[in-house]
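First to last, the protein sequences are chains A and B. Going by the numbering used here, the first residue of the first sequence is number 2, and it counts up by one from there. Going by the numbering used here, the first residue of the second sequence is number 2, and it counts up by one from there.
Hints in this document: simulated from the structure, not taken from any laboratory. A hint or two may mislead.
Since the list gives no way to pick out one identical chain from another, each pair is judged satisfied if it fits inside one copy or across any two copies.
Stated by the list, open to error - In silico EDC-like pairs for lysine to aspartate or glutamate, Cα to Cα no more than 16 Å straight-line:
hint	residue 1	residue 2
1	LYS6	ASP41
2	LYS6	GLU30
3	LYS6	GLU42
4	LYS6	GLU205
5	LYS74	ASP116
6	LYS74	GLU125
7	LYS74	GLU205
8	LYS6	ASP87
9	LYS74	ASP144
10	LYS74	ASP175
2 protein chains.
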Amino acid sequence: MEPSKRSEVRRLPERGDYDPQTINSILDEALICHVGFVADEGYPVVIPTIHARSGGTLYLHGSPASRMLRSVKNGAEVCVTVTIVDGLVLARSVFHHSMNYRSVVIFGRPREVDDPDEKMRALEAVTEHVAHGRWADARLPNDLEFKGTTVLAIAIDETSAKIRTGPPGDDDEDYELPIWAGVVPVATTFGTAIEDPALRDGIEAPGYVTDYRR
Amino acid sequence: MEPSKRSEVRRLPERGDYDPQTINSILDEALICHVGFVADEGYPVVIPTIHARSGGTLYLHGSPASRMLRSVKNGAEVCVTVTIVDGLVLARSVFHHSMNYRSVVIFGRPREVDDPDEKMRALEAVTEHVAHGRWADARLPNDLEFKGTTVLAIAIDETSAKIRTGPPGDDDEDYELPIWAGVVPVATTFGTAIEDPALRDGIEAPGYVTDYRR
C-alpha cells in the first residue's frame, strides 16, 4: 500500500510499515481506538471507542446522541489511531528511553451505514471484535435498538503502521556505563470473569469468557 | 473543579467525574496518552505519546522535528485523552455490551517550556512516569540532548474524567434469558525484564525493573 503525504511515517521512517497484513493485525488485536475529529468550533476532540475491522473497512458505532458520531457522520474528516504498547525501553541515557509499540493511524471521511444488512454485519463485527463467539449467544438487537445505533464505516486505505521493537539503542560511548538497560515487557491480560450478581442459576460461562484471548 | 462546556460529560452524565484526585490518579496510572491536534490543512491528527503530570501541569516531550510538537507548540489547541480499559462488559443483549474504563480528556493550548529548570524537571517527570527511580540511575541529558528535546506544558484545568464500573445493565425482561453475563477483567501487566544483549557483565536489574508496578 502506498502511503499518502499525511499517512507516511516521516519521523523515524524506518519504523513505518505499510503492509496491509501488518496493519490489519494491529487493528484486530487492539481492543479500542482513539478517534480524532474537529469540533464545529474548530478545536480538536479525541474520544476512545470500540472499533472493528471487516475486510478493508473499519466500523465505529454508538448512540445517535454521541457528539463524535454526530460530528463526523456527514463526512467530516477523522483520524483513527490504535496503539498497542509492548514494552518499556530503558536505555542507559535518559535521552534514548523509548517504548516498544505497534500503532496504526487511519485518515478518512466516514460514511454512515444505512443498508440494514451491512449495518447488522457491522454490529456483529464490533461484538465479535470484543468477544469472539458472543454474537451467537447474546440477544440480538431488536428494531428499536437497531435504529437507536449509529454505525460509521471508514475505508482503511489512507493508513500506516508505526512499530518499534527490540532492545534500547544507546550512544556508542554509553555502553561502558555501569547502568542496567533492557526492556520491560508490557501486555494486556484478561482475568477470571466476574459473573453478573443477577445471573440466573445454572448458567456456565462460555469458553470465550473462561479462556479469553485475542 | 467546574467543567467547561466542552469538557462536561454530556452523554451518560452519571459517568462524569470532575474530582482532581480522580483525574490525577488516571493520568498517573496510564502509560501513554493520545494527543489530538488540527493540522495546518485543517484535518485532525491523533498521535500516541508519553505524558507526565506534575501538580496541575501535564508535560509532553519529543523531538523538535516531531510534527505534533511543531504543530502545537505555538499555542494551537490540543485535546489530550488518556484511557484505561478495566473490563469487557458482556450483557445478555448485544445492545447493552460495554466496557469498564477510566478516561480523562484535557483541552488546552500548550506552551513550550523554555526555562531550563522547569524543562529539566519535566524530563525527570516523564522519565519517572515510565519507571519510578530511573532518573537517579540513568545518564542525564547532556547539553545537546537537552536542546534537542522539545517540552510542552498544558494546564490541567479544562478537563473531565469519564468512568464506568460494575456489572452489565440489561433490560428488565432480559434477566430471565439463559445467557451468561458478567465482566472479563482487563489489566496492563509487566513481564520479566529482558536485559539488553549488550549489557556489561555483572549489572543487576534494579528493583523498579524486577518488581515493576504502577
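Going down the list of hints, with the structure as the test:
| no. | hint | verdict |
| --- | --- | --- |
| 1 | LYS6 - ASP41 | between (25 Å within a copy, 13 Å between copies) |
| 2 | LYS6 - GLU30 | neither (26 Å within a copy, 35 Å between copies) |
| 3 | LYS6 - GLU42 | between (26 Å within a copy, 12 Å between copies) |
| 4 | LYS6 - GLU205 | neither (52 Å within a copy, 45 Å between copies) |
| 5 | LYS74 - ASP116 | within (15 Å within a copy, 44 Å between copies) |
| 6 | LYS74 - GLU125 | neither (20 Å within a copy, 42 Å between copies) |
| 7 | LYS74 - GLU205 | neither (40 Å within a copy, 54 Å between copies) |
| 8 | LYS6 - ASP87 | neither (27 Å within a copy, 36 Å between copies) |
| 9 | LYS74 - ASP144 | neither (21 Å within a copy, 48 Å between copies) |
| 10 | LYS74 - ASP175 | neither (52 Å within a copy, 31 Å between copies) |
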